[in-house]
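Undergrad: Chain by chain, the residues run as shown.
Number of protein chains: 2
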Amino acid sequence: MPENLNLVPFVSVEAMMDLVLSIGTERFLRELAGYIEADFHRWESFDKTPRVASHSRDGVIELMPTSDGRLYGFKYVNGHPKNTKSGRQTVTAFGVLSDVDSGYPVLLSEMTILTALRTAATSAVAARHLARSNARCMALIGNGAQSEFQALAFKALLGVDRLRLHDIDPAASRRCRDNLSALGFSIEICGSAEQAVEGADIVTTVTADKQNATILTDNMIGAGMHINAVGGDCPGKTELHRDILLRSDIFVEFPPQTRIEGEIQQLDKDHPVTELWRVIAGSAPGRTRADQITLFDSVGFATEDFSALRYVRDKLSETGRFDTLDLLADPDEPRDLFGMLLRRQALTQQAAAPQ
Amino acid sequence: MPENLNLVPFVSVEAMMDLVLSIGTERFLRELAGYIEADFHRWESFDKTPRVASHSRDGVIELMPTSDGRLYGFKYVNGHPKNTKSGRQTVTAFGVLSDVDSGYPVLLSEMTILTALRTAATSAVAARHLARSNARCMALIGNGAQSEFQALAFKALLGVDRLRLHDIDPAASRRCRDNLSALGFSIEICGSAEQAVEGADIVTTVTADKQNATILTDNMIGAGMHINAVGGDCPGKTELHRDILLRSDIFVEFPPQTRIEGEIQQLDKDHPVTELWRVIAGSAPGRTRADQITLFDSVGFATEDFSALRYVRDKLSETGRFDTLDLLADPDEPRDLFGMLLRRQALTQQAAAPQ
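In the order they appear, the protein sequences are chains A and B.
Under this note's numbering, the residues of the first sequence are numbered 1 to 355, in order.
Under this note's numbering, the residues of the second sequence are numbered 1001 to 1355, in order.
Just chain A, with the same shape it has in the complex:
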């Protein structure tokens, strides 16, 4: 870790890829899931607020802050489904972790890749408590940027090794299959969501359209299913038919945010939901019957990003894969910010003077 007060460790996209590859994607997901679960376990020690969203015609930019009183973290994340048309990502993100005592950042990190990993790890953490313990086959509907990460997290944490893929774009399903081909799955591409769901123990929906869609209808969902609904994550964007919600036991991250952004925006404001942290902490039951339909209405919450930043930070010293940024003014004398400017000027003039 750098000694100089002005320097902040920075994990670039390339450094993040090397970090993930050096640890191994599945081990990364397992260890990250451990951090996420530990932070859900101490849920009540976090300062929580719904994310601060700025909506525009084609997308949204959000800030997601939280703090446990010792560390503070926030993520910047956008969601712009049209971006893929101009060769850009639908979702990009970066985040910062800071020391609460001084307010000084201790890490700046890319979070486009990290968000995909933390979303998948959170889904698998929830499923470990909510899916049937013998679940091995997952329908994966929506085969975009997030899909392979979901598959790997469910493999790493639950032993899921059979995948049934569906996407409205068959090329997306083929790419997902090819990307996962050497990683120990048996994979079938399906022509419809209905077909994908057949025989699956778990259904993961992770589509990207910003609208109220009906990816799953009521007739597709049989007894005992666990639904991992990831794609519906902002106002006006849902994936499930309302009738499915009425038959399911619903688990959420942070109700004030999920009621606005999740599948349950389709339900009454007081429809009963269970907070996932209570299941993890043992104060509420998860799955209680084999024939129960469980739904994790995932929208992504700030503590999960906090956990991810905390994990990456803990891995930095082990792997050494980071740069440092001259991000914070560090005058010789703390109150003398203007003097720092004057000394820089003197230095520059000295360097420019004839010898």
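By construction, these hints were calculated from the structure, which means they are not laboratory data.
Cβ atoms here follow ideal geometry from the backbone N, Cα and C, with glycine treated the same way.
There's no promise every hint is true.
Said to hold, decoys possible - Taking CB as the label site, the calculated pair distances span:
no. : chain 1 : residue 1 : chain 2 : residue 2 : range
1   : B       : A1281     : A       : N219      : 31 to 37 Å
2   : A       : K48       : B       : D1058     : 19 to 25 Å
3   : B       : P1255     : A       : D169      : 47 to 53 Å
4   : B       : T1348     : A       : H271      : 45 to 51 Å
5   : B       : G1199     : A       : K48       : 51 to 57 Å
6   : A       : S317      : B       : Q1349     : 23 to 29 Å
7   : A       : L183      : B       : T1324     : 29 to 35 Å
8   : A       : T348      : B       : A1281     : 39 to 45 Å
9   : B       : T1324     : A       : D58       : 22 to 28 Å
10  : B       : T1288     : A       : E14       : 56 to 62 Å
11  : A       : N212      : B       : P1255     : 35 to 41 Å
12  : B       : T1348     : A       : N134      : 45 to 51 Å
Stated by the list, open to error - Using 35 Å as the maximum straight-line C-alpha spacing, the simulated DSBU-like pairs for lysine-lysine come out as follows:
no. : chain 1 : residue 1 : chain 2 : residue 2
13  : B       : K1269     : B       : K1048
14  : A       : K315      : B       : K1085
15  : A       : K48       : A       : K82
16  : B       : K1085     : A       : K48
17  : B       : K1269     : B       : K1082
18  : A       : K48       : B       : K1082
19  : B       : K1048     : B       : K1082
20  : A       : K48       : A       : K269
21  : B       : K1048     : B       : K1315
22  : B       : K1269     : A       : K269
23  : A       : K85       : B       : K1269
24  : A       : K269      : B       : K1048
25  : B       : K1048     : A       : K82
26  : A       : K315      : B       : K1269
27  : A       : K82       : A       : K269
28  : B       : K1082     : A       : K85
29  : B       : K1048     : A       : K85
30  : A       : K48       : B       : K1269
31  : B       : K1315     : A       : K82
Could you slot chain B onto chain A? The hints should help.
TA: Below, chain B alone, put in the same frame as chain A:
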């Protein structure tokens, strides 16, 4: 500007110093004031929200987002008065400007220095509308990191050239005087705030203690004074005796934020205040009489940081003083984030293989 979608221009502390020095501090302040004033002028086109604050025992960490529908900006800023004891800054900051259409960041910049400049420029913009036009002498109470910037902004925008300094720490006043000695001011160090105010046309208070203080009492403030109250900027932190507020015409940035954070937290929730933007846009009067006491209850608002980021961005291509950060994942195919990881792995293994 970089062509590669993954790269974001980054202005480090050093690059910011060089940018300021190459432009010249007073010209920088004047031009920045122009951006701030222009954005106040189109106030109604901004998406505005009070900043999102995370308070802890020794300080606060805040996020300050805003958007004009084309650009989105936010600042991260901390306030930790105890930091100076460990050689750190009370306030550090950095910020990001993004393209609303894609959600992609277009600038990451240090903002510790930039915040000092934008706060001073905003103060001077307000004073240009609120102080008497012949004001040339300013009392500057609190001679810490912000003080010289305030002095220079008032010189650059209003022609203030006489300063009366006071700080509870005499060494701070001496350093402020020395830093400003070659910059065209006549400067007197005063043993008390009361003495500093004598003969001044403008009083700027910019102290750092996180408490309700009484830097100015009612008897110190004569007719015609303009008070630029900068230091009181969070709940429980004020600088002026309440009686001064009752005699003053009060101007604020964004009432929902100022009522919580500014001097007017001491007043009733419906005490009349004028929004500064209305004065700038010509829909409300500023100073109307020479004997009027005007008070700019400054707490700092997100649009000012937005203006500052916008100004810095516009100066980048002119000065070329920036680096680029590999901050955004940019796969060959936008939806193939996992494939990017696989290709990186193949590349790394290839490089490691014996030739």
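Undergrad: Hint check: B:K1048 vs A:K85, CA-CA at most 35 Å. Holds or violated?
TA: OK: B:K1048 and A:K85 at ~30 Å, within 35 Å.
Undergrad: Quick one, are B:K1269 and A:K269 close enough, alpha carbons at most 35 Å?
TA: With Cα atoms ~31 Å apart, B:K1269 and A:K269 stay inside 35 Å; holds.
Undergrad: For the range 39 to 45 Å, tell me whether the beta carbons of A:T348 and B:A1281 fit it or not.
TA: The hinted range 39 to 45 Å holds for A:T348 and B:A1281, with Cβ atoms some 40 Å apart.
Undergrad: Is 31 to 37 Å respected by the C-beta to C-beta distance linking B:A1281 and A:N219?
TA: Taking Cβ atoms as reference, B:A1281 and A:N219 lie about 59 Å apart, which means the hint is violated.
Undergrad: When you check the alpha-carbon spacing of A:K48 and A:K82, does it fall within 35 Å?
TA: holds, 31 Å
Undergrad: Given a hint of 45 to 51 Å, does the C-beta separation of B:T1348 and A:H271 actually sit inside it?
TA: holds, 49 Å
Undergrad: Using the beta carbons of A:L183 and B:T1324, state whether their distance is inside 29 to 35 Å or not.
TA: holds, 34 Å
Undergrad: Go ahead and decide if the range 45 to 51 Å is satisfied by the Cβ distance of B:T1348 to A:N134.
TA: For B:T1348 and A:N134 the Cβ distance comes to about 37 Å; the hint is violated.
Undergrad: For the pair supplied as a hint, B:K1269 and B:K1048, is the alpha-carbon distance within the 35 Å limit?
TA: The hint holds at about 20 Å.
Undergrad: Is the hinted range of 19 to 25 Å satisfied by the C-beta distance from A:K48 to B:D1058?
TA: holds, 21 Å
Undergrad: Within 35 Å, alpha carbon to alpha carbon, are A:K82 and A:K269?
TA: holds, 31 Å
Undergrad: Need the status of pair A:K48, B:K1082: alpha-carbon distance at most 35 Å?
TA: Measuring from Cα to Cα gives roughly 25 Å; hence the hint holds.
The structure shown violates the earlier hints numbered 1, 12, 23, 26, 28.
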